[in-house]
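Trainee: Produce the entire structure from the sequences given, and follow the hints as far as they go.
One letter stands for each residue in the lines below.
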Amino acid sequence: MHLLEGLRSLRRILAGLAPLLLVLPAWTSVSDTRINLNRVNRLKTAGRVAPDTGQDLEYRELLRHLPPRGRVGFLFGDPAAPPSAAQAGRRHFFLNYSLAPRLLVASADEPTVIAGDAHARGRLLGDGRFELVADVGGGLSVFRRTK
Amino acid sequence: MMLAAAGVLLPIASMFCVVGLVQDGGRWPRLWRCAVAAGVGSGLAALLWGAMLAAGLSSGVAVTLDAIIWTTVGAAALFTRVRRPAGRSVEMTPSRTVSTFLALALFLAVAAIAATAFYGQASVFPHGNWDAWAIWNLKARFLARGAADGAWREVFSPVIGWSHPDYPLLLPWLVARGWAYAGRETVAVPIAYSALFSVALVAILTVSVARLQGVTAGLLAGAFLLAAPAFVTYAPVQCADVPLAFFYLLTIALAAEAERSRSGGAWLLAGAAAGLAMWTKNEGAAFWLISAGALGTAALRGGTGRPLRGPALFLTVSLPLVAALIAFKTSIGLSNDVVNTTTAGMLWARLADTDRVVLVLSAIGRELWFGGAEWVGVLPVLGLYLLAQGWTRPIEAVVARAGVIVVLTLAVYTAVYLATPHDLAWHLRTSLDRVILQLLPTVIWLGCLLTRDAL
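From first to last, the protein sequence lines are chains Y and L.
Using my numbering, you'd call the opening residue of the first sequence number 1 and step up by one each time.
Using my numbering, you'd call the opening residue of the second sequence number 1 and step up by one each time.
The set of hints was computed from the structure by calculation and includes no laboratory data.
Cβ atoms here follow ideal geometry from the backbone N, Cα and C, with glycine treated the same way.
For each label pair, taking beta carbons as the anchor points, the in silico distance ranges come out as: (1) L7(Y) - G383(L): 14 to 24 angstroms; (2) L14(Y) - W369(L): 10 to 20 angstroms; (3) E396(L) - L7(Y): 22 to 32 angstroms; (4) A86(Y) - T186(L): 21 to 31 angstroms; (5) T316(L) - A46(Y): 53 to 63 angstroms; (6) D149(L) - P79(Y): 28 to 38 angstroms; (7) A46(Y) - V159(L): 34 to 44 angstroms; (8) P51(Y) - E374(L): 20 to 30 angstroms; (9) G333(L) - P79(Y): 26 to 36 angstroms; (10) M346(L) - G16(Y): 51 to 61 angstroms.
Chain Y stretches covered by chain L per the calculated footprint, using a threshold of three residues with CB under 8 angstroms from any CB of chain L: (11) 9-21; (12) 26-32; (13) 39-48; (14) 88-99.
Some chain Y residues judged to face chain L by a derived CB distance under 10 angstroms, without partners named: (15) N36; (16) P68; (17) R69; (18) L103.
Mentor: As structure tokens, then:
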């Protein structure tokens, strides 16, 4: 009888304490949140916008040199030492996000081509079929196919 | 910004009046009505916006028409309601004061952490995470910027296959609609919808469990979700997983409410929630099929009087949404990266590969244990609580049915991982936590209703 009552008491105590164990998973969120709050403070102190917002504004500078819709070529990286898939994907996908509803194609076979970095810019400058339309900063340039 | 807020709030306010009209099983708590209206109103507003865009209306005309439609719906529901006698109020199960106070303290503590985390994440990443800007907000920009000249149809182009052109467009339409009301693109709209679905999800979980099991159990259920690192991480990222989790839980909770109060209105709203789940993500199609089948089977097996009335009402609302989705998918003729690149022979070889089975099951097991946490996630804590508190016997029919729906949906997810043509380790690493999160609130709902009596 005593053993049964003891077990019941133990269960009651466990049932009361179990929800308090939520502190453990919640703590993971606390440490991640601290990192983000530090970033927010640093951005505020420096008077800067969030990095993605800055990049979006920078990429949008390309808009006035591009057709309003349709396919636009995109070159990025050095073929001899290609960037990682994550790095290339980030540049390509975020650029398409900024330039929508245009469709960014990883190719130079389009009438308008964006060079995504200095390597791509150099390749297009050395290719007689293209002329430079604009350099917009951040390593981005727009080229037009002439032949 | 005021116009954007009006655009977000108008369908919610109208749906709040409609929900008030259909709450025929007794008066529902205001918080519950608000949360139901927030999800269903926003979802239906997105579909209406998509239909107007497909009809070739300009943004200006669409905003005017949209505002007229939602104002008329709200006014009609309000006018009809004031002419009806008020229903009786359904009280929540009373709870012991000290345990309720402790549960409330725990709820508020984890809610404060989650709210701070949301603020930090949304401030540092206002365009959302990778999937948000590469998929959901990218589509919203196509729909908003290409509305005038029809360029929005490029959203289905295989050139941007990496953005999953076959995904349903509920969330992008919703964001594009908000931008049209605002008159410009602003990150405030997707951030507001992330907050809206997250808060509504916590509210539905808390109030539903409170109504079925008592206030203390409801607060604990809310605390379990708010303490989950996966929920805190994904709530502000502007992807469709939290809205999908909302529609899953809403379907289950409304079906339970419908059976409890014999409410035809709850069945109609459950049908709407299941249909909207299909329009939120492809996984919603599996959920709709499973829940419609489970509801129909349960009605046939255990019903008295008119057992098929509930499932019939459920289908009355959800079938048109399903038909519209099938018409949409057929008209754009898109292929899915998992389904269309797999032959029967390849599928069988993958399913029979024991290494793949072990890899998938162990990854799911790890995710269920950790759920984004360092040492232990919320589900093992919920399990310990259930063991210590004891569970209800016999298990209620609505709880058992919800359990079957969750298990079968998880089985479909598992089968998709086994069949995936992508690199399995990469596929699991980049999506499993979000996929499990879709079911997490419903699992917490189940666990709290299985528990014998809260504290």
